[in-house]
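In this text, residue positions in the sequence shown follow my numbering: the first is 22, and each later residue adds one.
It is worth saying that the hints were derived from the structure and are not from the lab. Just so you know, these numbers come straight off a predicted model, no measurement behind them. You may find that some hints are simply not true.
[Claimed, not checked] Taking lysine to aspartate or glutamate and the EDC-like style, the derived pairs with C-alpha atoms no more than 20 angstroms apart in a straight line are:
id	residue 1	residue 2
1	LYS129	GLU233
2	LYS64	ASP101
3	LYS167	ASP177
4	LYS167	ASP157
5	LYS48	ASP160
6	LYS79	ASP101
7	LYS110	GLU127
8	LYS192	ASP169
9	LYS129	ASP160
10	LYS48	GLU235
11	LYS167	GLU69
12	LYS163	GLU138
13	LYS181	ASP202
14	LYS165	ASP52
15	LYS165	GLU138
16	LYS48	ASP169
17	LYS79	ASP160
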Amino acid sequence: PEITFTDSGASKTIQNTITVSGSAYIKILPDEAFINISAITEKPTSQEAVDQNSTLSKAIIDAVKATGAQNLAIQTTGYDLSPLYDYSKESAPPEIYAYRVTSTIEAKTTELEKIGEIIASATGAGANSISSIGFDLTDATKRKAKNDALAAATIDANDKAIAIANAMGLKIDSVLYIIEDEVYFGGPFMAPAGMGEARTEDIAAPVILPREIEVSANISVAYLFIK
Numbered sequence: 022p023e024i025t026f027t028d029s030g031a032s033k034t035i036q037n038t039i040t041v042s043g044s045a046y047i048k049i050l051p052d053e054a055f056i057n058i059s060a061i062t063e064k065p066t067s068q069e070a071v072d073q074n075s076t077l078s079k080a081i082i083d084a085v086k087a088t089g090a091q092n093l094a095i096q097t098t099g100y101d102l103s104p105l106y107d108y109s110k111e112s113a114p115p116e117i118y119a120y121r122v123t124s125t126i127e128a129k130t131t132e133l134e135k136i137g138e139i140i141a142s143a144t145g146a147g148a149n150s151i152s153s154i155g156f157d158l159t160d161a162t163k164r165k166a167k168n169d170a171l172a173a174a175t176i177d178a179n180d181k182a183i184a185i186a187n188a189m190g191l192k193i194d195s196v197l198y199i200i201e202d203e204v205y206f207g208g209p210f211m212a213p214a215g216m217g218e219a220r221t222e223d224i225a226a227p228v229i230l231p232r233e234i235e236v237s238a239n240i241s242v243a244y245l246f247i248k
């Protein structure tokens, strides 16, 4: 904190200010979850690999939709077609023996309790790779969390200013200015997950527990005080 006494010059008015920083740190449970699900297929020809992957991907998407998760949004986040080479013949250049197609979708929902069911349904439909699970805040929740953190930081700054003024026998008169220095969100929280490429039949819905997301805010406030 800073305390300044400034002579305005022409008016000879003394402007007395106390400048303090305010900070707040809160935790909030996420209200949005997303998961990346992949379908991987290998076939002797590229067309066969693409066709099989399309069929498998549709089955996975249908299975995820069938969970009935609230505010469910599904989008394709990756697609790759690559040849597979045979390097066993040392005296000859590598030969293509098959093609691999990897397609990845992201399923996002505000019903966090459904994540385990989504995993079970997707793998039951043929998904053979779960790359990650993430938890975040929806835009509306972020706005509220930001406002709550800023309000708490403002209270912190005000308490500091009053304590300083009281200790020096001064009285807070009004606020000169407020600066929002920073609001930081600790999300999204990623929970690494991996299934390799092994197909799992009739998998039980795993229990996925999110952790709280950290939100911090910092402000600077200048107060005018009187003696």
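Outcome of the hint check:
no., hint, verdict
1, LYS129 with GLU233, "holds, 18 angstroms"
2, LYS64 with ASP101, "holds, 14 angstroms"
3, LYS167 with ASP177, "holds, 15 angstroms"
4, LYS167 with ASP157, "holds, 14 angstroms"
5, LYS48 with ASP160, "holds, 16 angstroms"
6, LYS79 with ASP101, "holds, 16 angstroms"
7, LYS110 with GLU127, "violated, 40 angstroms"
8, LYS192 with ASP169, "violated, 27 angstroms"
9, LYS129 with ASP160, "holds, 14 angstroms"
10, LYS48 with GLU235, "holds, 5 angstroms"
11, LYS167 with GLU69, "violated, 50 angstroms"
12, LYS163 with GLU138, "violated, 26 angstroms"
13, LYS181 with ASP202, "holds, 17 angstroms"
14, LYS165 with ASP52, "holds, 12 angstroms"
15, LYS165 with GLU138, "violated, 29 angstroms"
16, LYS48 with ASP169, "holds, 11 angstroms"
17, LYS79 with ASP160, "violated, 29 angstroms"
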